[in-house]
Amino acid sequence: MSISFIEDSDGIFSMKIQGDFDYTLHEDFREVMSSAESSGLSRFTVNMSDVDEMDSSALGMLLLLRDSCGVDDRKIEIAGCRPEIYALFMTANFDKYFNFI
Amino acid sequence: MSPYTVLLVDSNKTERLAVATMLEAASYSVIQADDGDRALELFVEDSPDMVITDVLLKGLGGYDLVSEIKRLSISRFIPVLFITALRDSDSLVKCVSCGGDDFMVKPYEYDIFLVKMVGLRRIQAMHEEIIDANNTLKRHDSSLQSELSLAEHVYDYMVGSGGGGSDLVRYFRASASRFSGDIFLSAYTPSGTLNVILCDFSGHGLYAAIGAIPVSDLFYAMTKKGFHIEDIVKEINNKLCAIFPVEMFCAAVLVEVSPACEYISIWNGGMPDVYIRSNERTNMLAQSLNIPLGVSVGDDFNSKPLVVKIEGGERLYLTSDGVLVEKNKDGEKLGEKGFSRLLRTIISDDYFGEVCREVTSMSEGNGHADDVSIVEIFLSPELFPVDVSKANEVSSSVPRHWQIDMKLYKDVFRDVSLAPFVSNVVNSVQSMTGHKENVFTVIAEMVNNAVDHGVLGLDSSLKRDPEGFAQYFMSRDERLLSDDDGWVSVSIGHHAENDQGVLELTVEDSGSGFDVNLKDSDMSENAGYCGRGLPLIKKLCKSLVFNKKGNCATATYRWDVE
Numbered sequence: 001m002s003i004s005f006i007e008d009s010d011g012i013f014s015m016k017i018q019g020d021f022d023y024t025l026h027e028d029f030r031e032v033m034s035s036a037e038s039s040g041l042s043r044f045t046v047n048m049s050d051v052d053e054m055d056s057s058a059l060g061m062l063l064l065l066r067d068s069c070g071v072d073d074r075k076i077e078i079a080g081c082r083p084e085i086y087a088l089f090m091t092a093n094f095d096k097y098f099n100f101i
Numbered sequence: 001m002s003p004y005t006v007l008l009v010d011s012n013k014t015e016r017l018a019v020a021t022m023l024e025a026a027s028y029s030v031i032q033a034d035d036g037d038r039a040l041e042l043f044v045e046d047s048p049d050m051v052i053t054d055v056l057l058k059g060l061g062g063y064d065l066v067s068e069i070k071r072l073s074i075s076r077f078i079p080v081l082f083i084t085a086l087r088d089s090d091s092l093v094k095c096v097s098c099g100g101d102d103f104m105v106k107p108y109e110y111d112i113f114l115v116k117m118v119g120l121r122r123i124q125a126m127h128e129e130i131i132d133a134n135n136t137l138k139r140h141d142s143s144l145q146s147e148l149s150l151a152e153h154v155y156d157y158m159v160g161s162g163g164g165g166s167d168l169v170r171y172f173r174a175s176a177s178r179f180s181g182d183i184f185l186s187a188y189t190p191s192g193t194l195n196v197i198l199c200d201f202s203g204h205g206l207y208a209a210i211g212a213i214p215v216s217d218l219f220y221a222m223t224k225k226g227f228h229i230e231d232i233v234k235e236i237n238n239k240l241c242a243i244f245p246v247e248m249f250c251a252a253v254l255v256e257v258s259p260a261c262e263y264i265s266i267w268n269g270g271m272p273d274v275y276i277r278s279n280e281r282t283n284m285l286a287q288s289l290n291i292p293l294g295v296s297v298g299d300d301f302n303s304k305p306l307v308v309k310i311e312g313g314e315r316l317y318l319t320s321d322g323v324l325v326e327k328n329k330d331g332e333k334l335g336e337k338g339f340s341r342l343l344r345t346i347i348s349d350d351y352f353g354e355v356c357r358e359v360t361s362m363s364e365g366n367g368h369a370d371d372v373s374i375v376e377i378f379l380s381p382e383l384f385p386v387d388v389s390k391a392n393e394v395s396s397s398v399p400r401h402w403q404i405d406m407k408l409y410k411d412v413f414r415d416v417s418l419a420p421f422v423s424n425v426v427n428s429v430q431s432m433t434g435h436k437e438n439v440f441t442v443i444a445e446m447v448n449n450a451v452d453h454g455v456l457g458l459d460s461s462l463k464r465d466p467e468g469f470a471q472y473f474m475s476r477d478e479r480l481l482s483d484d485d486g487w488v489s490v491s492i493g494h495h496a497e498n499d500q501g502v503l504e505l506t507v508e509d510s511g512s513g514f515d516v517n518l519k520d521s522d523m524s525e526n527a528g529y530c531g532r533g534l535p536l537i538k539k540l541c542k543s544l545v546f547n548k549k550g551n552c553a554t555a556t557y558r559w560d561v562e
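These protein sequence lines map, in sequence, to chains A and B.
So the first sequence is numbered by our numbering: it starts at 1 and just counts up by one.
So the second sequence is numbered by our numbering: it starts at 1 and just counts up by one.
Same shape as in the complex, but just chain A (with noise of 0.2 Å):
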């Protein structure tokens, strides 16, 4: 499990998720969204296609990082989702705060 990003030259955050994406990546998420943050980002694309499972703290952090970015629709992009992964999200119905490529 783990969570690597990077800042590309367009100024969007790049992250990328592996593993299983659930509470014990807690910490390791907020520390990646405050270096986000302080670095005045506010796009972010979130790679999952490695993720294996998901829970409901992933749907949380990824509310969090959605309120950092100011509450606008769709800054968030979520990219390679697994059906099952995007099932979750559908059932939640947050198709609408996230852009989902």
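Watch out, some of these pointers could steer you wrong.
Said to hold, decoys possible - Away from chain A, derived, C-beta distances all over 12 Å, residues of chain B:
hint, residue
1, Ala26
2, Glu45
3, Glu109
4, Asp200
5, Ser288
6, Glu336
7, Asp349
8, Ser361
9, Asp415
Claimed, not checked - Distance condition first, Cα-Cα at most 27 Å in a straight line; then the derived DSSO-like pairs of lysine-lysine:
hint, chain 1, residue 1, chain 2, residue 2
10, A, Lys96, B, Lys239
11, B, Lys304, A, Lys96
12, B, Lys106, B, Lys309
13, B, Lys225, B, Lys304
14, B, Lys410, B, Lys224
15, B, Lys225, B, Lys538
16, B, Lys337, A, Lys96
17, B, Lys333, A, Lys16
Honestly, the hints are just simulated from the structure, not real lab data.
Backbone N, C-alpha and C fix where the C-beta goes; we use that ideal spot for every residue, glycine too.
Dock chain B against chain A, hints included.
Just chain B now, kept in the frame of chain A:
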């Protein structure tokens, strides 16, 4: 700070003095012993920080001395350094195997001697850090345990027996951790409507326990006051958004069952599909169409439930997503499809029991990844309680003299359910022990008639079949939104008369009324939102009178003072 003390044990006086001088020059404080027995005594009495000893000693030998020293120093790490003339590997190996930490072979250089001591002191310091950290951890764990006990106590009280509210509801639960993240509650409104909630907080354990407090508080209090699940959903959502951090939310499914089991309302925000079973066939009824509670109070939050007409005798199944993540021995999850298949294929006299067994047997005792909750609601009209009045009020009531008049325009009843609103106004002025529920029913019927048929002009004959039923509620929503000056005026008077309280309730609406000369049988078609219609009011009230136009009704309710 007290000086670092070294116990120096050497039976050769000259050598011992030489080493002692060297150590003292290096600022160590030295305790000397020339035989093993004395050394042991001094070790116990003076608690030195380090021991330096020869192997060959008078009295107790070096190896035995060190074994004993190590046996005695359990809580603290005291480094032991052997100084010896022996060079054979067996003797040197024994220096460490008996418990010593290092050795120096004579002749030695003082620089090396001192530096070995530094190395040992470093390890000693590290050891002490670990013990400190461990003790802090133990203290924290202990206070965490007592906090968890407190939270558990509060949780149990707030949530209570959960499903204890009704015979129609069965609840199965298998917890993943100490607290269930799932909360299940059920209770009746004064008019006999059954409200049920099953919710699942994001995160585990303590989050759920804390979340249980506002959720159960609001659910029970509002149900007791006769509110619909739509209102309850709105209030819980407001509360959770206000008090909890952004990342904490609560997936929930609420079901409202009308007293005669004529219809049910379902609100599903983030929970798995709700299933309905009738005539041995199970079908999906209500998917999650809403965002969970505690996420947003904006326009993206919708509190309107799905309303479904039912026949009576069906069974509803609610689950939390712990059911869907149950894994079989091959590590495959049950999932929505798997659970749906399970529901459709099980045949048993004890259907609910069998479903629960199948789900839990999957993990075969390996524990559950998440809390598993399964609720069955049996929509049986026969099992509904006839009289929901509870002996809550201890004191008997005194009928007082009062009059309250209010006029409420459409924008009020667009957002607020009028029946509990009016009922609460009445209850705050006048308690009527044993009659609160009947009065609520009368108020509800009259006010809802006024809104639905009077102001909104809806035709209740639509509610006779399932499609018409859905259409009825859709029309209702549409018409509520339109921008006209519809109003409902409620006038309530009360006074005492011969050991009775007399309540007079007049409800007038801005609609065009109806034909008051209709026969009684036609009037019974004029069923209000609660479904039992004007005949019920007539049964409960001393009198029910309409004006000529049909848009104003006055009901008189008499009650005996106990």
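These are the hints, each one checked on the structure:
Listed as outside the interface, B:Ala26 is consistent with that label: its C-beta sits roughly 45 Å from the nearest C-beta of chain A, beyond the 12 Å cut-off. At the 12 Å boundary, the C-beta of B:Glu45 stays outside the reach of chain A, the nearest C-beta of that chain being 49 Å off. Distance to chain A confirms B:Glu109 as a non-interface residue, since its nearest Cβ pair spans about 49 Å, more than 12 Å. The claim that B:Asp200 is not at the interface with chain A is violated, since a C-beta of that chain comes within 12 Å of its own (minimum 7 Å).
Distance check on B:Ser288: its Cβ comes as close as 5 Å (rounded) to a Cβ of chain A, failing to clear the 12 Å threshold; non-interface status is violated. Residue placement check: B:Glu336 does not keep its beta carbon more than 12 Å from all beta carbons of chain A (closest about 8 Å). Every CB of chain A lies more than 12 Å from the CB of B:Asp349, the least distance being 33 Å, so the non-interface label holds. Against chain A, the non-interface label of B:Ser361 holds: every CB pair exceeds 12 Å, the least being about 22 Å.
At roughly 22 Å, the least C-beta separation between B:Asp415 and chain A is larger than 12 Å, which holds for a residue marked as non-interface. With a C-alpha separation of about 22 Å, the suggested pairing of A:Lys96 with B:Lys239 holds against the 27 Å cut-off. As the CA atoms of B:Lys304 and A:Lys96 are separated by approximately 18 Å, the hinted pair is consistent with the 27 Å bound. A hinted pair counts as satisfied when its Cα atoms are at most 27 Å apart, and B:Lys106 with B:Lys309 does not qualify at roughly 98 Å.
Between B:Lys225 and B:Lys304 the alpha-carbon distance is near 19 Å, which keeps this suggested pair within the 27 Å criterion. A threshold of 27 Å between alpha carbons decides the hint, and for B:Lys410 with B:Lys224 the separation of about 25 Å falls inside it, so the pair holds. Under the criterion of a C-alpha separation no larger than 27 Å, the hint pairing B:Lys225 with B:Lys538 is consistent with the structure, at around 23 Å. With a C-alpha separation of about 25 Å, the suggested pairing of B:Lys337 with A:Lys96 holds against the 27 Å cut-off.
Among the hinted pairs, B:Lys333 with A:Lys16 is consistent with the structure: their alpha-carbon atoms are about 25 Å apart, no more than 27 Å.
Figure legend: structure checked against the earlier numbered hints; hints not met, in rising order: 4, 5, 6 and 12.
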